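Asker: Each chain, letter by letter, is given below.
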Amino acid sequence: MALEDYAGDMNMCCRCSACKFIPLQMVSGFTHANVCPSISRYNFHFFSGGGRLNLGAVGLEKGFNYTPWYLSSIYNCQLCGACDVSCKYGMDMEVLLPLQALRIQAVKDGQAHPELQKVVERMTATGSMVPPEGAKRGDWAKSLGLKDAGKQKVDVLYHVGCLTSYDKGMQKLAQATAQLLGAAGVDFGILGDAETCCGARAYEMGHEKEFLAQAKKSMELIKQSGAKTLVTSCATCYQAYAVLYDRFGLKGDLEVLHTSQLLADLIEQGKLQPKNDLGLSVTYHDPCHLGRLGEPWIHWEGTKIPGDRFIFDPPKTYRRGTGGVYEPPRDVLRSLPGVTLTEMDRIKEYAWCSGSCGGVTDSNPEFAQWTATERIEEALCTGAEALVSTEPWSEKLLADTIAANGGALKVYDLVELVAQATEEGGR
Amino acid sequence: MALDKDIHSAFADVVGEENICDDPTMMASYFKTDFACVVMPKDTAQVQTIVRLCNKYELQFRPICTGWTGVFIPGTVMIDLRRMDKIIEIDEKNMCAVCEPYVTSAQLQAELFKRGLNTNIKGSGAQGSALLRGHGPMDQSCGADDRNHLAVEWVTPEGELVQIGSIGSSDEWFCGDGPGPSLRCLVQSTVPPSCTPGVFTKIATKLYHWPGPERYHLKGNSPNYSLIEMPDNMMLRYYSFDSVEKMIEAEIKLGESEVCYIVYGINAAMVSANVTSSNEEQMALFQQISGQVKGNGFVVIIAGNSQADFAYKKKVLEAIMAETGGESLKAVERPEIGEILMRQCTRPTGAIRETMRPGGTFKSIPNMGQRDLTVRWAIGAGEAKLPLIEKGLIVDDGGGFFGWGVEHGHLGKTEIFCAFSPMDSEANKAVGEWATEQGARAVEEKYFALTMSPLKTIDERTGPAVSNYHLWWYKVLDALDPNGVIPLKGVSKLTP
Amino acid sequence: MIAKEKLAEIVGGTNVGDDAATLAAYSKDESFVNELRPACVVKPHSADEVKQLVTLASETLTPLVPVSSGPPHFRGDTIPSTGGAVVVDLSGMNKIVFVDRPRRVAMVEPGVTFGEIIPAAEKEGIRLNMPLLPRSTKSVLGSLMDREPVMMPKYQWDISDPIACLEVVFGTGEDFRTGQAAGPGSIEEQWAVGGVQKAPYGPHVATWHRLVQGAKGTMGISTWVSMRCELLPKLEEPFVIGSAQLPPLMEMASWLIRLRMVNECFILSGSDLAAIFSEDRSADYQRLQAALPAWVLFYVVAGYDYFPEERVDSSLSDITELAKRLAVQPARAVAGLSAREILKAVQGPCPDPYWKLRGKGAFEDVLFLAPNDKIEGLVEIMSGLAGQAGYPVSEMGVYVQPMVQGCGSHCEFTLTYDPESASQAAQVKDLAAAATKALMNSGAFFSRPYGDNTRLIMNRDAASLTILRKLKKIFDPSGIMNPGKLCL
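Chains A, B and C, in that order, are what the protein sequence lines are.
According to the working numbering, the first sequence holds residues 712 to 1138 in order.
According to the working numbering, the second sequence holds residues 1036 to 1531 in order.
According to the working numbering, the third sequence holds residues 20 to 507 in order.
No lab work stands behind these hints, which were simulated from the structure alone.
It should be emphasised that the depicted structure is a prediction, and the values quoted were computed from it without experimental measurement.
Here a beta-carbon is modelled for each residue, glycine too, at the ideal position from N, C-alpha and C.
Treat the hints with caution; some may be incorrect.
Example chain B residues on the side facing chain C (calculated, C-beta under 8 Å, incomplete) [unchecked claim]:
(1) F1066
(2) N1129
(3) N1259
(4) Y1260
(5) E1461
(6) N1463
(7) K1464
(8) A1500
(9) K1510
Straight-line Cα separation of at most 20 Å, EDC-like style, residue types lysine to aspartate or glutamate; simulated pairs [as the list claims (entries may be wrong)]:
(10) K1349(B) x E328(C)
(11) K492(C) x E1195(B)
(12) K448(C) x E54(C)
Simulated restraints, written as ranges between beta carbons of each label pair [what the hints assert, rightly or not]:
(13) D866(A) x N1259(B): 28 to 38 Å
(14) E143(C) x D1277(B): 25 to 35 Å
(15) L1421(B) x P1017(A): 17 to 27 Å
(16) E1053(B) x S402(C): 50 to 60 Å
(17) K492(C) x Y1092(B): 24 to 34 Å
(18) G1049(A) x G1326(B): 28 to 38 Å
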């Protein structure tokens, strides 16, 4: 949908400021009540969901004027969707979708962020969000003897993702995932060097055209592999295939699972048996893309029923963050011997973003780190020794931020802990 | 329009370049109004300097906290108080808390709950500032309006710092009155421009005992949270009555018996809005319960400080309901509905569902005053809504109004609103006319006068009927604001 | 100066007094405030007469000093501070305008005393939230306008309670009604539709009665007040708790009030309690004071229309638990003085002579508000100063009214002395002055300044004083309303 299609939503904003805070019923103290990193950092109302909706509404009426402040508002936003969840506690209206549309409009109008432009161009050229720097995408799997889904049909395709494939520090996640799937008897394959970016981060950066082109490429490869199920340990990729591709009619019948969901099932079925006592206190960070943004897309088309009430024909069901993937990672953590889970104040659909979404790590690394620092502080308040997540982009940013500030908090991906806890992994 | 370069630099010197914006494009985000700039001070000293600069450069200013509503004048300096967001202290021994303007009610309450304390939260919602004067569901037992304010730190329109009450002569915040007459006569933190000119930078607010849990433990995901366990010393019911008179009689008896923590007179449409998470769900539930209620009614929450206390309060409640014919709504007795209301009443978050969600906007006529009198007016105002409902211009709520007793029924709040679509110009017009007619009827029939609006015509029309308050108020404004930096003067000042 | 004939035209010749005896009676009171003779005394009998008086005074720049209560006066605020003043004695305006049981409100003119309103309200089943033992001639309006603390803190939601609305004639001669009474319509028109002048806020965003309350007549003259009333209980159970220490009683009181379990609730020193229940400072007083503990907390548990006994029972069982936790012992009597006797005494005005005068014939109060946790320290400071000044500390009375507006406490030290003894008078005067300074420096908030210490108190909050002076210029541009009071 184009920005104009959200005119009604943008004009519905009543300026209540709920979008700045976690759902108010969940506020449990003075701290950790804010949910929007953008306004929390920059304070002006135009850094909030509601403020941007107002800008969009006025822009549609009077035209868009891309001043430095305006671009700052548009791009200093992780598009994490927290404002959308908080608003929809009370209202029936879209918030995140118009915000995404505003950024796409800006790019269409020639106002792409220069750093994001570079990233997207690289994606188009190399099929990766991360600079390959001479490496091959499938290098992480060199000695593992995994099935090549580019050469033979597979039912289950393990999609690794750009960061996990190329980042030396993150490749262990792919290796751990592959080992766990193998140990559990899952018959899967990988595309290896042929794997290409899901394109989701390009979409968030406002480059809808490039995203769609990339998405088509990616889906073509997946179709060719014959996979009925795609498994990924990257939450961004999960959200891409499960939600974005569905939204744009690209997903077809592909079943999309995040590794946390699959691991939860495998553990429940006894196919993986965590036995090793990890003796670790943890807290869990809900990545936006697996959580509130991972809620299945609802296909709906209709019109507002003329009259007094904001209702539609057919009735519109809103995505309010309710249906994200929240419990499977927690179920997995609870099944790991010696692991005690203490929740942070802001979790699930109202989790504080790690800072890695929306292209902000590229367009404004300082803001990304600031956001991550807030999350790290919140994790430290739980007393946990480690912060666990299911999104490599978050984990990298969090770990780098901790290292930069000299902190002792450890950062793990869920699969690492499962690998350590199972017989195959050991400690 | 963008500020003059020198003026911009002057403000930036105070707050830092990153805390001032005069880009005309961005002003639209703040209430779609062409402000001169937005400036964000971090403390009282910066507020003072900004106000003095406004005086120096003859700029009008207007402060906001979370800023849900108000009247906004183009060309003014918007002082956004977002950076002033600290709880200064919570003093349990003296039952008061001191906050800066951008502390939300939810944050303050959450801290207070941990200490067995509570604050009254305005019905507009817990996202609003903890400083605001107003009314909410807990008025019955937690006071209301400006009566919970204690000491106040106030920057006058000239930029002077006045610390009102005990804080003016000591380090203590517990009292807002004196020495001598109380400046709380003027110092009203309601929504500008209908408020005292200047900026409040800290307010002490009175606290109350909280008999409930340290925190609500909830399960589920937004928007459908539910209490894991209803506190065993609290009970919620919705009672409806054969007539408004019986409802008021019950309300008064409950007030006099002092057994209720909350008496919250929302109508069936508002109940169904409060507990549902979409307009469709609301319509379905409203249809269901409007067939089950006898007529007007209210939510009651009782809370016991002990088992004996709880048992007594329950007994009295049941006796009064039996006497007045109050019938409990079975739907609300179901835990899954009752507990939503329990939370929404003690941490108000349902106002948006009631007012904005149905149609997209609403127009309201509120009155704080003598309950039985204003209810009689409200009945007529509700009847006047019915033709608009029939024409499909406003959301069908049965022509309802709402309200409740305040301070165990000594005072009251009565309000009535129409929810409608902001895109519907015919609805806009009809609702505007309805509001004007009902406001005028309130004056003609001597119920009350709407005096909180800033518009010059309203002041001129109602002022003479209400002790010429407007003339005195304008003199006060002139005295406090000799340089005319308060925008409401431009709108409401009588003298040319 | 207004000619006597002009005054007589307004109030009638018999209501203008300028003979020596009349002027002498209004030129001084029992306080240390300097004597100053007024030019004359007028006694209006209607709001209209008051309005005419103020208009005339404004035109002729004649100072007016309003007085509502009958003598004796103790605070000095009814003594002119400037020459040529006309005292406006409002005691002749003594109508009880209405008492309304359903809306729990009553309206009285300035001259109505507690002794008059109490039975009128009782007849309708309601009562006023009263100050502690006002003298028999004390005006109800005068007490409310003075922000005197009330004995039932549970019902004091706001410090201005129980005031609802006021009618006031400002120094310009214009009348104004506050709160709901402001309009629309006259009071009679409001009554005709069922309005009872109960809601205090407004009109508009101001809460105008706060401007007049505590102003000692410097903004205008009030010609009636409506005030919220409370139900008369069906059942009352009074209790006392004696203690050598003040803090446990403060803690107990704060919980009783916080949990809304009690009506009347206050703390008195043994010396004050003995003074209330003795005729004079004779053996009776000595015996009682010796027998009483240093401090006594008094409170009442009440039941109303619905199951009063059960209400009392459930409250008492909760109070028993509370008392155990705080290690205090509620009792029905202390030192032979029954709680019910105390209750009977405090539910009416004080019979003459006023209890504070019985001891030695004169007294000076040092009164202020303070945070609850500072009260003990302030008592110690006061006792120390009294000791240093050679004042018999054991005779100093202390009244603590906890949880004013549900927050801090009112504290009142009573220093009695023999008015015939110049040395005692000087000692008390100096002690009061020194104490005011010292207590203020230790966190006491003198929200109701009186007498010679006013300047010290008002100037401490110069910024507020500046605003008050601006308001004074609006509401009394000619500066005729009790000039010289409150530094205004």
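Asker: Taking the hints in turn, state whether each one holds.
Answerer: Structure-based check of all given hints:
Violation of the interface hint for F1066(B) is found here, the shortest Cβ-Cβ separation to chain C being roughly 20 Å, above the 8 Å cut-off. For N1129(B), the suggested interface contact is upheld, since its CB lies about 5 Å from the closest CB of chain C, less than 8 Å. For N1259(B), the suggested interface contact is broken, since its CB lies about 35 Å from the closest CB of chain C, more than 8 Å. Proximity of Y1260(B) to chain C is violated relative to the hint, the smallest CB-CB distance being about 30 Å (cut-off 8 Å).
At a threshold of 8 Å, the smallest CB-CB gap from E1461(B) to chain C is about 31 Å, leaving the interface hint violated. Below 8 Å, beta-carbon pairs count as interface contacts, and N1463(B) has none with chain C, the closest being about 26 Å; its hint is therefore violated. Annotation: K1464(B) was flagged as interfacial toward chain C, and the flag is violated, the nearest CB pair being 26 Å apart, outside 8 Å. Annotation: interface hint on A1500(B) holds; nearest CB of chain C at approximately 4 Å, less than 8 Å.
With a least beta-carbon distance of about 5 Å to chain C, the hint placing K1510(B) at the interface is held under the 8 Å criterion. A C-alpha spacing of about 15 Å is found between K1349(B) and E328(C), which places the hinted pair at or below 20 Å, so the restraint holds. With a C-alpha separation of about 19 Å, the suggested pair K492(C) and E1195(B) falls inside the 20 Å cut-off, and the hint holds. A C-alpha spacing of about 15 Å is found between K448(C) and E54(C), which places the hinted pair at or below 20 Å, so the restraint holds.
Roughly 36 Å separates the CB atoms of D866(A) and N1259(B), a value that falls within the hinted 28 to 38 Å. For the pair E143(C) and D1277(B), the supplied restraint of 25 to 35 Å holds, since their beta-carbon distance comes to about 28 Å. As the Cβ distance of L1421(B) to P1017(A) is approximately 20 Å, the hint placing it in 17 to 27 Å holds. A hinted range of 50 to 60 Å for the beta carbons of E1053(B) and S402(C) is consistent with their spacing of about 56 Å.
Between K492(C) and Y1092(B) the Cβ separation comes to about 27 Å, which falls inside the hinted range of 24 to 34 Å. With their beta carbons about 56 Å apart, G1049(A) and G1326(B) fall outside the hinted range of 28 to 38 Å.
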